[in-house]
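Going line by line, the protein sequences match chains A and B. First residue of the first sequence: 1, per this note's numbering; consecutive thereafter. First residue of the second sequence: 1, per this note's numbering; consecutive thereafter.
Keep in mind that the hints were calculated from the coordinates and are not lab data. Predicted model, so just to flag it, every value in this text is computed and none were measured. Do not take every clue at face value.
To be verified - Chain A stretches covered by chain B per the calculated footprint, using a threshold of three residues with CB under 8 Å from any CB of chain B: (1) 52-61; (2) 76-85; (3) 229-240; (4) 330-339.
Just so you know, even glycine gets a beta-carbon here, dropped at the ideal spot from N, CA and C.
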Amino acid sequence: MSYIAKPKVSHPGMPKNKLGLTSRDYEGTVSTLCAGCGHDSVTAAIIQAVFELGIEPHMLAKMSGIGCSSKTPAYFVSQSHGFNSVHGRMPSVTTGANAANGDLTYIGVSGDGDSLSIGVGQFVHAIRRNVNMCYVIENNGVYGLTKGQFSASADIGSKPKKGEPNNQEPIDPASTALSLGATYIARSFSGDKEQLVPLLKGALMHRGFALVDIVSPCVTFNDHEGSTKSYAHTREFYHHVIDIDYIPPAEEIKAAYAEGEAMPIELHDGSTIVLRKVDKDYDLTSRASAFKYLRERFNAGEITTGLLYLDESRAEMHDLMGNIDTPLSQLSLDGLNPGSEELKKLQNRYR
Amino acid sequence: MATVNDVVIKIGTVNGTGSASANGLLMKSIFRMGIPVVGKNYFPSNIQGLPTWYEIRVTGDGYHSRSNRVDVMVAMNAQTYTRDMADVAPGGWLIYDSTWPRSQLLDRDDITVIGIPFSRLCNENFAGARSRILMKNIAYVGAVAALLAIDLDVITQLLEETFASKAHLIESNMKAIRLGSDYAHEKFSCPLPMRVEAMDATSNSIIIDGNTAAGLGCMYAGATVGAWYPITPSTSLMDAFRNFCSRYRVDPETGKNTYAIIQAEDELAAIGMVLGAAWNGARSFTPTSGPGISLMSEFIGYAYYAEIPTVLFNVQRTGPSTGMPTRTQQCDLLSCAYASHGDTKHVLLFPANPSECFYMAPTAFDMAERLQTPVMVMSDLDIGMNDWMVPELEWDEGYVPDRGKVLSAEELEGMDKFYRYLDVDGDGIPYRSLPGVHPKGSYFTRGSGHTKLGAYTEDSAAYQDVIDRLLIKWETARNILPKPEIEYSKFNKTGLITIGSGDGACTEALDRLSKQDIGLNYCRIKAFPFSEEVADFIEQHDVVYVVEQNRDAQLRTLLINDIEADQTKLVSLLHYNGMPINSGFVVDKVLEEIAKGRAA
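Looking at chain A on its own, in the form it has when it is part of the complex (with noise of 0.2 Å):
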């Protein structure tokens, strides 16, 4: 589909990052989504994110799984390795490839039909065992491949192009990784790559399941009149809580803030995430009151985005299982063996 080959452009001005590189050499090829589709916004984001983080490309793994937006690793950071898996199964080729190799930052593409409806059950399994990745799911509450039918996302009452309205409780993702006990949760819209840049940011660096939710409009089969997840809804009933700015390891925060407005968290790596409170009455650390707070707004009709729970504290996967520091996948298989004397040995409880 993508036979049009990608002109590289560069402009010699343009800006580089901590390795020289710039945000022509995280791109990838041609996307084949539909003109205006949230998604390609979304790519952007990442794009935008991975330069500036300073990610070597080889030693990023994007995974993801079917539907429109598991296609769209293929259009960001070319000189990555990728995984376009199965429909529903990216966590759990997720999980044994981070279980291999933790070195590899992992970003996994998916969609609310790939995570909350087929896949519903790899992706909670995946937030319980803390696996260390940026889970990005493209929320548009339909499935566009298969032309508009619903989704586990969609919202009571959501009309579709054609057919009756949705009448089933939506899946949030949101809500439900802060019950399954995820460490790093945010939301956003794909129309706002102010507030989304930093969070995938965020996500990025974050030493365990990072997800971000992002409301990503279809502009096919789910924009219309009467639909919960088109531009114009969203755009009318968002509400930031608390965005963040990420602030690489060693460097120092510069910005103005309010008095009493920033809080600084450092992460693993060093980095450091301010948070900007928008809202002053939410704490981003309780779960009990994240929740309560998610479930009024969203019973207001509200869609609460930026960073809605943070948790530094929590064991990811390899240190849950106790796992050495060196990538299991660059052991010498020399060493892992006991001998044929010990064999010997062993085998005297056998007889």
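Based on these hints, arrange chain B on the given structure of chain A.
Relative to chain A, chain B alone:
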């Protein structure tokens, strides 16, 4: 006339009463006397309260399969008295707990009934309900020991080893042994005409089940990631891997593990984890059984097409559907050979016993990495969960793992451009790079149509190019997989083919038939796709019996499909009732076929 070292003891108990350790003690005592044994456990899919049997075949001739005869029945479960009595061969013995005398057990006049009041003896000598139940089991071991002339010193020694740190248990167990033994000696003429006698045929052997051996093999093969979902009868494979790893795979400096075991939420996730880890270069595997294979099928097809080394152990159980989870079959041959939608086919290995489960583990990893494809080790419940006597396992210090065509950072650096799916060497196997090794190694792994350069495609020719190349790889696999074991008897135009756990019954049957001057040539297949030797073997014979443990002659179907074997030659001998196949079945079926005019 006395029969020595050729006796089958069957013990009927209630599951969950601790009889397993008593039965193990009995079998190991005979083994320690240097006499070959075969142990079979027939247990229900249940935790507690249902009938269960353990069968010990004492075979001085060193056969490996179960016998379809019972000489000494230890009937400890009143629920099954009737069928247990019916099972005893004419001239045999039935031992039961005569605390409550049962006149109906005296119905058969062609067997001898031995009543021993186990419950009464234990109630009089032990306190506490649990202890009385456990000791009743040990007491029947004592009685059988007396009746068959099993050496009490050997039993004492085994108990001392088992309870090395719990001296009081040695004492109480020995007391129970003596209760049974003394009573038997006092009331009956010991030993029976059918008895055991020490020999020297087990000194280089061990008793082990296939799942333990496979788990050990995975540890030795350098597996670092195991993902699984518990399913009978494969669960104990991962338990064994975990046990061995916790002993041998903890870094002495940091106390941290050089392995990862992930209990997945289901089989779909388990195989996904294996793919992810293998994609990253770790030796990873999953043990499962038939229902698990059904669930894993989508990913198995993915691994075939995206060419990811994947190792599965399928410990087969009786199907279809849930079937009989604690009974054995070889019923997943077709579902594994062609698992997943689309044109897919997969490498299968067929271990015949626990020893081969051990040795085929490194072979499976080597082949998976060499061929960049799923490899399934087709064990079964009989091999996986029963105790087999096999020669002591050995490890070749010269073993060099075959990691396949994996490019190093230096090799990638020196390349102009890397293409993941290009057949550079003409053997159908492309080169592979691992994530994070070098920027030039990056590629996009996908299950959707791709070109030989690794790009997405919907172009007919480019698509076909790749799936045709996979056929070249298939032929490479055919040539490098383990060869069949072939044995020619006298000049004969009849052959017999089997796989896996059919080996024990078939080799014994051939031995028995040869005593009737019926000589058959034997071919035990060890891998699919089938090698040239298998095709030649069929070619050489007018009639070939195909012995397998399923209803639909799945091995025969594979032979016809994979090497275009002449189906008019292939005569199926099918055993599929869920019990391990025995030599009597094979002998009877061959004789029936001969009587029908089939050559032999």
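Tested hints:
no. : hint    : verdict
1   : 52-61   : holds (count 5)
2   : 76-85   : holds (count 8)
3   : 229-240 : violated (count 0)
4   : 330-339 : holds (count 8)
Violated hint: 3 only; the structure is consistent with all others.
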